[in-house]
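Student: Sequence:
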Amino acid sequence: MRLVASRFVPLAAFAVVVFASGCSEINATVDKAQACLEAPKIVSETVAKISGLVDDPAAMEKELDAAAKKLGEVADTASNTTLKQATDDLAASLGKLDVTSANQAVDAVQQVGNETAAYLTKLKEACS
183 MRLVASRFVP LAAFAVVVFA SGCSEINATV DKAQACLEAP KIVSETVAKI
233 SGLVDDPAAM EKELDAAAKK LGEVADTASN TTLKQATDDL AASLGKLDVT
283 SANQAVDAVQ QVGNETAAYL TKLKEACS
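FYI, the numbering for the sequence shown is 183 to 310, going by our numbering.
It is possible that some hints are incorrect.
Have a look at the derived ranges for each label pair, beta carbon to beta carbon [to be verified]:
#, residue 1, residue 2, range
1, Asp280, Leu219, 29 to 37 Å
2, Lys306, Glu227, 30 to 38 Å
3, Ser226, Lys278, 17 to 25 Å
4, Ala240, Ala274, 16 to 24 Å
5, Gln292, Asp271, 16 to 24 Å
6, Asp238, Lys306, 14 to 22 Å
7, Gln292, Thr263, 23 to 31 Å
I should point out that these hints are in silico values taken from the structure, not numbers from a laboratory. Cβ atoms here follow ideal geometry from the backbone N, Cα and C, with glycine treated the same way.
Modelling step: build the complete structure from the supplied sequences, incorporating the hints.
Tutor: Quick look at the structure:
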């Protein structure tokens with residue numbers, strides 16, 4: 183009887199290893215899916231908000247910084263390296279925008295529009 187039980191120990195250990203590695207793949211897929219859903223939402227909300235803040239550069243800069251922080255958090259959870267890099271790059275770009283005048287605010291809206299369009303193209307590729 184002892185011999186039979188000892189044969190099941192390696193089999194059980196193997197099953198645990200296979201199950202554990204499968205769980206990490208599932209977690210990576212869930213992280214990617216969550217990032218693929220969350221990032222476009224943040225980008226859309228940001229573009230909508232800053233479009234109405236052209237006359238308030240301080241509020242626009244605050245909104246851009248908040249969006250950069252949110253995108254940074256999404257990038258930190260993204261398991262896909264392409265998705266992570268693209269999200270990190272956009273977050274860094276938004277965080278670097280300096281908006282202290284109405285003219286800079288107008289330029290910022292245009293720059294954010296261009297950069298988010300490019301980002302969404304990369305996102306589409308990474309998420310498909």
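Student: Taking the beta carbons of Ala240 and Ala274, is their distance inside 16 to 24 Å?
Tutor: 21 Å, holds
Student: Between the beta carbons of Ser226 and Lys278, is the distance compatible with 17 to 25 Å?
Tutor: 21 Å, holds
Student: Would you say the C-beta atoms of Asp280 and Leu219 sit inside 29 to 37 Å of each other?
Tutor: 31 Å, holds
Student: Has the hinted range 30 to 38 Å been met by the Cβ atoms of Lys306 and Glu227?
Tutor: 18 Å, violated
Student: Evaluate the given range 14 to 22 Å for the C-beta pair formed by Asp238 and Lys306.
Tutor: Given range 14 to 22 Å: violated, Cβ gap about 32 Å.
Student: Falls inside 16 to 24 Å, the C-beta gap from Gln292 to Asp271?
Tutor: 18 Å, holds
Student: Falls inside 23 to 31 Å, the C-beta gap from Gln292 to Thr263?
Tutor: At roughly 29 Å between Cβ atoms, Thr263 and Gln292 fall inside 23 to 31 Å, so the hint holds.
Checked against the numbered hints above, the structure violates hints 2 and 6; every other hint is satisfied.
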